[in-house]
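Residue-level listing of the chains:
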Amino acid sequence: MLNWGQKQPAPDAGVGAPPAPDFTIASSLVFPKFLSVVGRREHPVLLDLGPVIGSNVQFLTERLTCKLHIEDLFQEIEAAARARVRQGLEAALFKRLGQGPESVDGILCWDVFDFLDRTAGVALASHLETLLRKGGALYGFFGTTAVDLDHYTRYTIKREDRFELRPVPATPVKRRVLVTREINMMFEGLMSADSVLLKSGTRETLFRRPA
Amino acid sequence: MNIGKSVVVKGELSGSEDLTIEGVIEGTIELRQNVLTIGPSGKIKAQIIAKAVIVLGEVHGNITATDKVEIRDTGSVDGDVTAPRIAISDGAHFRGAIDMQRSGTEAKPEGRSAPDKAPPLTGPASPTAGVPVR
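Residue numbers (the working numbering), protein chains in the order written: chain A, 1 to 211; chain B, 1 to 134.
This is chain B alone, in the form it adopts within the complex (with noise of 0.2 Å):
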């Protein structure tokens, strides 16, 4: 299903098919089976869920995916992604956090850490690369 160029939508979007957007959308969009597009003439100031999101035009808002986002290099992404697979293109415009979420896992709180076992840090200088300085 395609949203033309000349439609503006505000307000709650949600489906069960895949869709492109092509218009203007204020709101939230859910599609959490299915794949938004957002094409290159799209304007979205929207908080999105869906299974997949492909942005060629503009996004304002929060972006959830439960599989993969891609910023193609005409797109522009302002907010955060959350997504277990991200992708995005050279030439392509995003601010904001990125936040891989694996399938099936549940973000930690912030604040806490795993214990820190790291093991030291110093150790020999390749001789092609530098010296180590102290």
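Only chain A is shown next, with the shape it has when bound in the complex (with noise of 0.2 Å):
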């Protein structure tokens, strides 16, 4: 989906060797300084709103020393996209973040955005940036190209830098794609700490709520 990064070479193409990785590694500038925001509070509160992920959670845990919410949103737009019905996607999304206002330091919002119409997008932006506390960090990645979504991409932090994305078959939607003024304008409470425009054409992207 993202095409981010370099796909693992297979070590023998010949007939009988094994298949191609189905992951690719991929290198990021921007997260090793959503750790650094977050790992100088003190015992931090993270959101995740990807799927459980058992290294992210042993990595996250360790490196933060932190208490970790995972909510995975993505179950949710899948049912919804399975279901053929965009209508009530946000009550649903909103129905999983149970946590209170100002209550989390930083948010983990992979690239969840991209699978969400205008509405939704809006309103899930809108109500993260009440979750977060002064001085947190939002952390996502927005694809610059519309086309069909047909799978999701399953990030694992192999260290600070680098992740293992992994593709995972999606009921197929359309992506709406964000230019960076619309970005921002979604998160208008939120200041874009920074953005990346990889090669790849995603864009990574480190928002925080000012102190």
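You may find that some hints are simply not true.
Stated by the list, open to error - Dumping the calculated DSBU-like pairs for lysine-lysine here, alpha-carbon to alpha-carbon at most 30 Å:
1. K10(B) x K51(B)
2. K68(B) x K45(B)
3. K68(B) x K5(B)
4. K158(A) x K68(B)
5. K45(B) x K95(A)
6. K43(B) x K95(A)
7. K158(A) x K199(A)
8. K51(B) x K68(B)
9. K51(B) x K5(B)
Stated by the list, open to error - Using C-beta positions, here's what the derived DEER-type ranges look like:
10. S41(B) x K95(A): 25 to 33 Å
11. V168(A) x K51(B): 31 to 39 Å
12. R166(A) x V8(B): 36 to 44 Å
13. K45(B) x R82(A): 25 to 33 Å
14. G15(B) x R166(A): 39 to 47 Å
15. K5(B) x A91(A): 35 to 43 Å
16. D73(B) x R63(A): 19 to 27 Å
17. D73(B) x P169(A): 14 to 22 Å
18. K5(B) x E42(A): 38 to 46 Å
19. A146(A) x D18(B): 53 to 61 Å
20. E62(A) x D73(B): 19 to 27 Å
21. G100(A) x N2(B): 35 to 43 Å
22. G15(B) x M191(A): 51 to 59 Å
Said to hold, decoys possible - One-sided and incomplete, this derived list gives chain A residues near chain B with beta-carbon spacing under 10 Å:
23. V45
24. Q58
25. L60
26. T65
Simulated from the structure, these hints should not be mistaken for laboratory data. Note that the Cβ used here is the ideal one computed from N, Cα and C, for glycine as well.
Given two chains presented individually in distinct reference frames, assemble the corresponding complex, making use of the accompanying hints.
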């Protein structure tokens, strides 16, 4: 989906050779900054909007000595896509996000906004803003090409500046492309702390709530 | 000690030896100095406090461990987990929050943060990765 990073080369492309791995490795410039911001807070609270990935749990909890809420919004998105009913998606997303206002120091959005329409995207962004404590950080990816998204991506943290990206089948949805201005407007209560456009066309972004 | 598949316990369960549960428990489980293993057939609806907890079955309830919590690939936990070490295998189900508590440390009250002295977050991007967008 993201075509981000380099495909791992197969050791041998001949007959009988093992199939090429179905993952890519990607470098990150912005994620270390997210860790730096959140890691300066004492026993921070993190909210991960992606699926449960054991090694990510281990990495984040050991690195940050944090409290980690995992709320896999992709389950709700997939359920809505399968049912071909977008109405009510916001309500389903909010139902999973039971955290109180200003109770979270860091939010990992991954690429969740690529899978949301405008209404749901704006509503979610606005809600996430309310969850962030002052000085907190929000990290996410935004695709820049309008394509049908036929898989989700599992982001496994290999190092603080390296992810393994593994595709997971999804009911196809059209990606809504957001330009930088639209993204900034969506998070108007936050300040854009860093935004890097990767060669793949994916924008890696860090927002912070002003202290 | 084992609690077999046909055993159903409703109430408080406590002890001073390692325990493996294959049956059904509803209530509370307290094994502060010992290891609790929820076997693949185990179904727990309880608050759990133990030295270490290994989950291969189902748990509905909060788990607190002074050493570690492991959720194996067949395991399922709906509840909050508090422990200094946590391992979740691929394929395991987990729904809740994970609170990493170092041994001997107290949780900081909600709503307070250490002073934020984060450095400026802007900087030159690697040419191999892309260009910064402002």
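Quick rundown of the hints versus the structure:
For the suggested pair K10(B) and K51(B), the alpha carbons sit about 22 Å apart, so the restraint of at most 30 Å is met. Pair hint K68(B) plus K45(B) holds up; C-alpha atoms about 20 Å apart against a cutoff of 30 Å. A C-alpha spacing of about 25 Å is found between K68(B) and K5(B), which places the hinted pair at or below 30 Å, so the restraint holds. A threshold of 30 Å between alpha carbons decides the hint, and for K158(A) with K68(B) the separation of about 22 Å falls inside it, so the pair holds.
Proposed proximity of K45(B) and K95(A) is supported: the alpha carbons are some 23 Å apart, at most 30 Å. For a cut-off of 30 Å, the pair hint linking K43(B) to K95(A) stands: about 26 Å separates their Cα positions. Of the supplied pair hints, the one linking K158(A) and K199(A) holds, its CA atoms being roughly 21 Å apart against a limit of 30 Å. Proposed proximity of K51(B) and K68(B) is supported: the alpha carbons are some 7 Å apart, at most 30 Å.
At roughly 23 Å between alpha-carbon atoms, K51(B) and K5(B) fall within 30 Å of each other, so this suggested pair holds. A hinted range of 25 to 33 Å holds for the C-beta pair S41(B) and K95(A), which are about 31 Å apart. Our hint of 31 to 39 Å for V168(A) and K51(B) holds, since their Cβ atoms are close to 36 Å apart. The hinted range of 36 to 44 Å is satisfied by R166(A) and V8(B), whose Cβ atoms lie roughly 41 Å apart.
In this structure the supplied range 25 to 33 Å holds for K45(B) paired with R82(A), their Cβ-Cβ distance being about 30 Å. For the pair G15(B) and R166(A), the beta carbons lie near 42 Å from each other, so the given range of 39 to 47 Å is met. For K5(B) and A91(A), the hinted distance range of 35 to 43 Å is satisfied, since their beta carbons lie about 40 Å from each other. Under the hint 19 to 27 Å, the C-beta atoms of D73(B) and R63(A), about 24 Å apart, fit the expected range.
Range check, D73(B) to P169(A): Cβ separation about 20 Å, and the 14 to 22 Å hint holds. Taking the beta carbon of each, K5(B) and E42(A) are about 45 Å apart, inside 38 to 46 Å as hinted. Checked against the hint of 53 to 61 Å, the C-beta distance between A146(A) and D18(B) comes to roughly 57 Å, which is consistent with it. Take E62(A) and D73(B): their Cβ atoms lie about 21 Å apart, and the range 19 to 27 Å holds.
Between G100(A) and N2(B) the CB atoms are about 42 Å apart, so this pair conforms to the stated range of 35 to 43 Å. In this structure the supplied range 51 to 59 Å holds for G15(B) paired with M191(A), their Cβ-Cβ distance being about 54 Å. With a least beta-carbon distance of about 8 Å to chain B, the hint placing V45(A) at the interface is held under the 10 Å criterion. For the restraint placing Q58(A) at the interface with chain B, the shortest Cβ-Cβ distance is roughly 6 Å, inside the 10 Å limit, so the hint holds.
Hint status for L60(A): holds, given a least beta-carbon distance of 8 Å to chain B, under 10 Å. Proximity of T65(A) to chain B holds as hinted, the smallest CB-CB distance being about 5 Å (cut-off 10 Å).
Every hint, counting from the list given before, is met by this structure.
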